[in-house]
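Quick note, the sequences are listed as chains C and Z, same order. Anchor point for the first sequence: position 51 equals 51 in the numbering used here, and the numbering is continuous, going up by one each time. Anchor point for the second sequence: position 558 equals 1558 in the numbering used here, and the numbering is continuous, going up by one each time.
Just so you know, not all the hints are guaranteed correct.
Here are a few chain C residues that sit away from chain Z, every Cβ distance over 12 Å (derived from the structure) [to be verified]:
{"hint": "1", "residue": "Ile17"}
{"hint": "2", "residue": "Ile20"}
{"hint": "3", "residue": "Tyr21"}
{"hint": "4", "residue": "Gly22"}
{"hint": "5", "residue": "Gln32"}
{"hint": "6", "residue": "Ile34"}
{"hint": "7", "residue": "Met45"}
{"hint": "8", "residue": "Val46"}
{"hint": "9", "residue": "Leu66"}
{"hint": "10", "residue": "Leu80"}
{"hint": "11", "residue": "Leu90"}
{"hint": "12", "residue": "Val95"}
In silico lysine-lysine, BS3-like type, Cα no more than 25 Å apart, as pairs [to be verified]:
{"hint": "13", "chain 1": "C", "residue 1": "Lys27", "chain 2": "Z", "residue 2": "Lys1170"}
{"hint": "14", "chain 1": "Z", "residue 1": "Lys1201", "chain 2": "Z", "residue 2": "Lys1588"}
{"hint": "15", "chain 1": "Z", "residue 1": "Lys1561", "chain 2": "Z", "residue 2": "Lys1170"}
{"hint": "16", "chain 1": "C", "residue 1": "Lys26", "chain 2": "Z", "residue 2": "Lys1596"}
{"hint": "17", "chain 1": "Z", "residue 1": "Lys1396", "chain 2": "Z", "residue 2": "Lys1167"}
{"hint": "18", "chain 1": "Z", "residue 1": "Lys1170", "chain 2": "Z", "residue 2": "Lys1396"}
Don't read these hints as lab results, they were simulated from the structure. Just so it is clear, CB atoms sit at the ideal spot from N, CA and C, and this is done for glycine as well.
Below, each chain spelled out in residue letters.
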Amino acid sequence: MDQNFTIWLIGAFLVFIVGIYGLITKKDGIKQLISIELLVTSTNMVFIGTGYLFSDRNTLMQSFTLLSLSVGGAIVGLGLAILTIRFQRLRSVDVTEHILLRG
Amino acid sequence: MTILLLFLIGIPMLGSLLVWLADTIREGSSKYIGVGSILTVTILAMIINIQSVTGRIDTTSFEIIHWILGRSATLGFYLSTDSLGLFMALIATVLGLLIALFSFEYMDDDEHLSRYWFYLQLFISGMVLLVLAADLIAMYIGWEMVGLCSFGLISHWHTRPGVEGEKVAKAGIKAFVFTRIGDIGFLVAIVMIYSAIGSVKFDIIMESTALLSSSYVKIIAWGILLAAFGKSAQFPFIPWLSSPESIDIDAMQGPTTVSALIHAATMVKAGVYLISRSYLLFELWTYPTFTWTLIIVAGITALITAISAITSDDIKRILAYSTISQLAYMFLAMGLAYTGKASGDSHYADLGFYAAQGHLLSHALFKSLLFLTAGYVIHKYGSRKITDLRGILSIKDEPVGLIGFVIGGLALIGLPPLNGFFSKELIISTAFEMLLDGLQPPLTLFVYLVSFTTALLTAIYVTRLLFYLYFPVEETVDGHDHDYPIMTAVILLLSGLTLIGGILVVGLPLHFGDIISVNYHFPQGMGLLNLFIILLLIGITMYLTVRYLRQIEHTDRSRGKIQQSLIMTAEQGFYIDHGWSYGWKWVKQLISFVSKSHSGNLNHMVMMATLVAGTVLVILIGGSL
């Protein structure tokens, strides 16, 4: 495939790794939300790159990218709602406190 | 006919749902719906049976619904009206009706009556589905349904406060988990059959048994053995049906009517039904380990449960151990049928099959009679221990209990002319004749010796039970002075059926005309001598038991150390239950580290997910990189 596409894909993978790192390491709820948004960004980058590949044939991938952006917005909205309620109840957004799902 | 068969299963299910409605309209009216629906189903079953016997039904497989329509696989839901299925359906519905009538009065003062009737009707529906199914998936659904209803009915009194309620709840879970282990075997067998033959319908399986290679037959055989042993509480799955006094968590925690229906008359017979159905479907006798395992495990079970019954002090426990022992008789008879087929002798194979079904019928009758009479006595005198209930049975004060226990007990021992005699001597005589004819001497000798010995052991514990209940001592308890008309009527009816039940056993080949081609014949020659010796030995055993029990009453019994430890072992159910508890603790230890890794910490979860996903990716793609 294209040289440009490969570089773009590697970039998306790096962003993905940073997002996973944030999910594993950070214990602040808002930082985890940012990491999740980074994951979404990386998949958007993959979609944009694929759109670049097929840009001479159709504009399907552009529509797909718009769809993905709206889904990403919904994800962040939901995450913020959960964090807000948690902060109202427990006065903390730390994910390592108040664990009920213990096995 | 399809509609009638659908009604046979659907009416009790509908009734079980209507129970809630009836209970909100009028308190305590759920029992009328229960008895009504089971009565309807009994009449329907009799009609279908008459139509089948007089030859008015031409096909035996009825499609109810075409379920999964795929390009390469279709699954349907089929019901059959062949003689084996109708036989079991009749037993289930008729006994279900009698026991439902009994529980009209027995469960009258219960607070959760609607839940009881819900599960009872669902059970009848599931049992009928199990036996009338013409494909393995429908049978499996019925199998699971009766398991679920058994759980619900055993733990009926889980709302009792404190340790009592906990024991009852644990008993229900124990029953379900033990039979679940057997269900794994059944599922494996079904999957293997489907992958080999491409269909789960009985008629297609019967035509294409040649497609089963020997390795498939081995897996299917083990799966079916596991399922049958799990459901019918043979070794090592004995504890769910009856556990020793010290543990006391078993199926007898449920109401006695439940014990009569599920754990004497119907559900535990499903294992025997599975083996009988497999006898008709596959050719499992080509795998000799199957027959050996069937006979040896059944034989061991018969002996150890009979011995445990001798040392039990609780009526229901004695009857539960007795049920397991008699089920082993049925398995032994089916083992004889398989042995006959393996030796190519269809006469003995038919005899074995006939003996198993005959004993199934007579056991259903006399065991439910015994359980119902026990329930009547427990209800009236308020105790389950035979040491408390000494001397309650007398012609003057307790005629109903006397009739029930004596007729049921003597049928259990196998004395003529009760029905137990005909079915038991059929099994023992078939084993004896096969032994004389030289068919597979080690197996037939084992079956003969085990059935002989278990008959004597049965005589011992039944005589002990009757001894304690009959001969009065100074402090005989007094019962409530209520009148129980329906319970009395049911007990007397069942006693009558047990008395004339011999006719039913003798006439059974007429029903099974399409499967077997033997008739009942009274043993002659050496067989007659064998029969006479057995009856004589049973009589002597009964007399000696009575004399021994009378003796230890007046003298102080000091037993030797060996005798004491033997009795202790028998009393503790040969430590099978303790073995399972120990095994469960060991399993919990083993998996505790997995439990500790479930910390609930989001970071840990994401890390594990990433590791797993990364590993999967590397495995899948790494090769081609």
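Status of the hints after comparison with the structure:
A cut-off of 12 Å between C-beta atoms contradicts the statement that C:Ile17 is not in contact with chain Z; the least separation is 10 Å. Some Cβ of chain Z comes within 12 Å of the Cβ of C:Ile20; the nearest lies about 6 Å off, and the non-interface call is violated. With a minimum CB-CB distance of about 10 Å to chain Z, C:Tyr21 fails to clear the 12 Å threshold, and the non-interface call is violated. Once the 12 Å rule is applied to beta carbons, C:Gly22 is inconsistent with being away from chain Z; the minimum gap is 10 Å.
With a least beta-carbon separation of about 7 Å from chain Z, C:Gln32 fails to lie farther than 12 Å from that chain, contradicting its non-interface assignment. No Cβ of chain Z approaches the Cβ of C:Ile34 within 12 Å, the least distance being about 14 Å, so the stated non-interface status holds. Distance to chain Z confirms C:Met45 as a non-interface residue, since its nearest Cβ pair spans about 19 Å, more than 12 Å. Residue placement check: C:Val46 keeps its beta carbon more than 12 Å from all beta carbons of chain Z (closest about 15 Å).
With 12 Å as the threshold on Cβ separation, the claim that C:Leu66 sits away from chain Z holds: the shortest Cβ distance comes to roughly 27 Å. At roughly 16 Å, the least C-beta separation between C:Leu80 and chain Z is larger than 12 Å, which holds for a residue marked as non-interface. Listed as a non-interface residue, C:Leu90 keeps its Cβ farther than 12 Å from every Cβ of chain Z; the least gap is roughly 14 Å. The claim that C:Val95 is not at the interface with chain Z is violated, since a C-beta of that chain comes within 12 Å of its own (minimum 4 Å).
In summary, the hint linking C:Lys27 to Z:Lys1170 is not supported, as the alpha carbons are separated by about 41 Å, beyond the 25 Å threshold. Our distance criterion of 25 Å between C-alpha atoms is broken by Z:Lys1201 and Z:Lys1588, whose separation comes to about 40 Å. For the hint pairing Z:Lys1561 with Z:Lys1170, the CA-to-CA distance comes to about 35 Å; that exceeds 25 Å, so the pair is violated. The hinted pair formed by C:Lys26 and Z:Lys1596 meets the criterion: a straight-line CA distance of about 22 Å does not exceed 25 Å.
The suggested pairing of Z:Lys1396 with Z:Lys1167 is violated, with an alpha-carbon distance near 38 Å, which exceeds 25 Å. Proximity of Z:Lys1170 to Z:Lys1396 is assessed by CA-CA distance (about 41 Å); at most 25 Å being required, the pair is judged violated.
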